[in-house]
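Residue numbers (the working numbering), protein chains in the order written: chain A, 12 to 311; chain B, 27 to 391.
These aren't lab readings, by the way, just hints derived from the structure by calculation. The reader is advised that the hints may include incorrect statements.
Said to hold, decoys possible - Here are the computed lysine to aspartate or glutamate pairs in the EDC-like style, where the Cα-Cα straight-line distance is at most 20 Å:
#	chain 1	residue 1	chain 2	residue 2
1	A	Lys200	B	Glu79
2	B	Lys158	A	Glu201
3	B	Lys127	B	Asp102
4	B	Lys203	B	Asp219
5	A	Lys200	B	Glu185
6	B	Lys179	A	Glu204
7	A	Lys219	B	Glu80
8	A	Lys219	B	Glu120
9	B	Lys99	A	Glu201
10	B	Lys127	A	Glu204
11	B	Lys130	B	Asp85
12	B	Lys127	B	Asp154
13	B	Lys99	A	Glu204
14	B	Lys158	A	Asp89
15	A	Lys200	B	Asp285
16	B	Lys156	A	Glu201
Keep in mind it's a predicted model, so treat the numbers as computed, not measured.
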Amino acid sequence: MSTAAVVARGAGAGLGLKGSLSRNRRWALIASYFFLVLFAIFFLIPPYYMIVTAFKSDAEVAHMATNPWIVADGVTLDQFRLLLTQSDFLIFFKNTAIVTVCVVAITMVVSVLAAFSLGRMRFWGSSLLATGIFLTYLVPDTLLFIPLFQIVKAVGLLNSYWGMVLVYPTLTVPFCTWIMIGYFQSIPKELDEAALIDGASHMQMLTKIFIPVAMPGIIAAMIFAFTVSWAAFVYPMAFLYSADQQVLTVGTVTSLIRADVYKWGMLMAGALLAAAPPLVIYAFLMDYYIAGLTAGATKG
Amino acid sequence: MAEVSLRNVVKRFDNVEAVRSINLDIPDNEFVVLVGPSGCGKSTTLRMIAGLEELTSGDIYIGGEVVNDRPPKDRDIAMVFQNYALYPHMSAYENMSFGLKLRKFSKDEIRKRVDNAARILDITELLDRKPKALSGGQRQRVAMGRAIVRNPKVFLFDEPLSNLDAKLRVQMRTEIKRVHQMVKTTTVYVTHDQVEAMTLADRVVVMNGGSIEQIASPQDLYHRPKTRFVAGFIGSPAMNFIRCRLEHNGAGLRVRISDKISLPVPSARTARYQPLAGKELTLGLRPEHITEPRRSDRDQNCEFAVTLDVVEPMGMETMVFFRIDGQEICGRVEPDSAAGPGETMRLYANMEHMHLIDPQTNQVL
Chain A
12 MSTAAVVARG AGAGLGLKGS LSRNRRWALI ASYFFLVLFA IFFLIPPYYM
62 IVTAFKSDAE VAHMATNPWI VADGVTLDQF RLLLTQSDFL IFFKNTAIVT
112 VCVVAITMVV SVLAAFSLGR MRFWGSSLLA TGIFLTYLVP DTLLFIPLFQ
162 IVKAVGLLNS YWGMVLVYPT LTVPFCTWIM IGYFQSIPKE LDEAALIDGA
212 SHMQMLTKIF IPVAMPGIIA AMIFAFTVSW AAFVYPMAFL YSADQQVLTV
262 GTVTSLIRAD VYKWGMLMAG ALLAAAPPLV IYAFLMDYYI AGLTAGATKG
Chain B
27 MAEVSLRNVV KRFDNVEAVR SINLDIPDNE FVVLVGPSGC GKSTTLRMIA
77 GLEELTSGDI YIGGEVVNDR PPKDRDIAMV FQNYALYPHM SAYENMSFGL
127 KLRKFSKDEI RKRVDNAARI LDITELLDRK PKALSGGQRQ RVAMGRAIVR
177 NPKVFLFDEP LSNLDAKLRV QMRTEIKRVH QMVKTTTVYV THDQVEAMTL
227 ADRVVVMNGG SIEQIASPQD LYHRPKTRFV AGFIGSPAMN FIRCRLEHNG
277 AGLRVRISDK ISLPVPSART ARYQPLAGKE LTLGLRPEHI TEPRRSDRDQ
327 NCEFAVTLDV VEPMGMETMV FFRIDGQEIC GRVEPDSAAG PGETMRLYAN
377 MEHMHLIDPQ TNQVL
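Given the sequences, and given the hints that come with them, work out the whole structure.
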């Protein structure tokens with residue numbers, strides 16, 4: 012079989028290499044599209060289901076005979092109205108926004124400074140420290156929340172969303188620092204030398220040269236920190252238990268699922284609203300995100 | 027303005043000695059070029075002058091003061107890098123004014139200096155552009171502008187033309203020379219290109235293996251190299267090195283390079299070379315001194331016939347390659363007079379320009 016294929020290909024090459032190359036490329040493209048479409052369908056089914064359900068009435072959701080993939084009884088915004096008026100969703104949203112903004116700010120300050128010193132200011136043990144920081148990222152939050160519980164309790168932040176501002180950076184700082192180290196290292200060393208000769212201090216070098224030049228990397232790191240903070244589940248599950256302190260992920264689930272009663276419509280509407288901010292941010296900053304991640308990937 | 031001095035400067039990276047106790051005095055306003063092959067320590071020396079590299083031992087003086095422990099910004103130097111090192115997010119104007127802003131110059135003074143430098147470098151039209159919108163040559167001009175506006179005591183150039191294509195390199199070389207004539211400042215310029223070194227320098231410092239081989243004017247270096255390394259490094263194509271024996275020839279001396287060929291030593295040098303008679307030495311002769319017989323008053327004894335291996339026409343001249351006792355030798359002849367490969371050609375060695383080198387010490391005798 013394989014011999015036959017080789018012979019056939021050899022003959023084809025003899026007849027016209029260009030034709031065979033373009034045929035090869037066509038097949039590669041067909042295969043690529045096939046798997047990409049398959050992949051897209053697989054990953055778009057849950058959000059599609061979420062959107063469709065969010066616009067259905069409770070009666071339609073409960074009615075088992077209707078087609079679950081379309082809105083049959085007319086589009087309604089009832090679920091959103093109920094969610095915003097009869098649940099604590101807005102409190103969860105506000106808490107999440109506060110936590111996320113604070114975590115992103117803390118993460119960026121810590122990881123940009125850490126990455127600049129580890130990636131550019133070469134000192135004894137810097138590469139070991141950089142590896143160490145990345146290793147901490149590999150410890151899953153499902154393991155960390157037990158010891159962290161003691162710490163959060165000790166500082167009096169149990170059942171307070173400010174406790175999340177304290178613990179989320181344990182997830183975001185290592186990875187963001189790692190991305191930023193890769194990005195800073197990809198900047199030619201002559202730039203800092205030129206800045207040094209021009210009379211810049213290390214802080215001026217960071218603020219006036221490195222941060223503007225590394226903006227794609229910084230934005231990539233910010234998006235990562237935002238996503239982690241917005242979508243965190245284990246820590247709020249473990250550390251927060253009253254509704255006024257709860258965040259979106261855990262709050263939506265705990266307040267809209269009562270024992271075995273699932274308020275599907277409101278759950279889906281909540282999920283849709285909760286997913287909106289990350290979606291908007293991704294849509295606007297996607298190019299930066301990819302540029303930042305690839306720079307980190309090749310140089311880190 | 028300032029003179030620069032290096033006293034017993036040593037730089038060691040772990041166990042490798044990159045710079046071995048060098049001494050160098052550069053007077054005010056002089057254009058000095060450090061030249062040598064990769065890894066000879068020339069860039070390290072420049073970076074030590076700039077303050078980007080610490081000295082292992084020794085002293086560097088700028089304007090009579092030891093600057094060993096001074097950070098780069100306090101040395102009053104400006105540096106132009108090989109890859110330009112322009113700040114990519116700033117316009118050409120901002121790049122040039124950045125150092126002045128950090129030093130808290132007034133806006134008017136900054137504008138005046140940048141405009142002046144832009145005029146000198148002919149980049150006034152480009153001041154609003156970002157580096158990515160500039161060509162290689164324009165970028166290098168902006169980098170030079172950034173150095174000029176500072177009006178520093180010393181200009182440092184680290185292979186500034188290496189990233190440019192051949193044509194632009196020649197153009198920028200002239201530009202740098204013109205700028206130095208307009209803005210008289212002590213300049214240290216590092217390159218591995220000996221043509222750049224010869225054309226730009228008031229004095230050339232040839233470095234090899236972390237040491238200085240010779241410091242001299244370009245002409246001196248070319249005509250009176252002190253070591254085999256310098257003789258071979260300066261000049262293109264490189265000097266021919268031919269195994270030889272110095273023999274008595276009546277009252278005079280002859281250099282025997284093969285059983286059949288021996289060439290007379292000019293009488294002016296006989297006394298100098300007399301003690302070396304009978305020794306195995308190396309004859310150094312540049313390709314331009316092996317030509318077709320030209321002058322009517324030439325010494326017939328300096329002629330010899332060879333079979334050409336390779337002939338390379340260059341337009342203005344033709345390089346001919348041949349072998350004597352297995353050693354490849356290059357000559358430079360008029361295009362019309364060159365024979366073809368495999369043919370026999372009569373050549374003339376201009377022995378007035380000969381060098382004798384001790385093969386043990388590699389010193390030119």
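How the hints compare with the structure:
1. A:Lys200 to B:Glu79: Measuring from Cα to Cα gives roughly 13 Å; hence the hint holds.
2. B:Lys158 to A:Glu201: Roughly 17 Å separates the two Cα atoms, so the pair holds.
3. B:Lys127 to B:Asp102: 15 Å, holds
4. B:Lys203 to B:Asp219: 15 Å, holds
5. A:Lys200 to B:Glu185: 16 Å, holds
6. B:Lys179 to A:Glu204: Distance ~18 Å between Lys179 (chain B) and Glu204 (chain A) Cα, so the pair holds.
7. A:Lys219 to B:Glu80: Answer violated: Lys219 (chain A) to Glu80 (chain B) is near 25 Å, above 20 Å.
8. A:Lys219 to B:Glu120: With a Cα-Cα distance of about 11 Å, the restraint between Lys219 (chain A) and Glu120 (chain B) holds, given a limit of 20 Å.
9. B:Lys99 to A:Glu201: The hint holds at about 15 Å.
10. B:Lys127 to A:Glu204: This hinted pair holds, its Cα atoms lying about 17 Å apart.
11. B:Lys130 to B:Asp85: 31 Å, violated
12. B:Lys127 to B:Asp154: 17 Å, holds
13. B:Lys99 to A:Glu204: 10 Å, holds
14. B:Lys158 to A:Asp89: Since the Cα atoms of Lys158 (chain B) and Asp89 (chain A) sit roughly 54 Å apart, the hinted pair is violated (cutoff 20 Å).
15. A:Lys200 to B:Asp285: 58 Å, violated
16. B:Lys156 to A:Glu201: Since the Cα atoms of Lys156 (chain B) and Glu201 (chain A) sit roughly 18 Å apart, the hinted pair holds (cutoff 20 Å).
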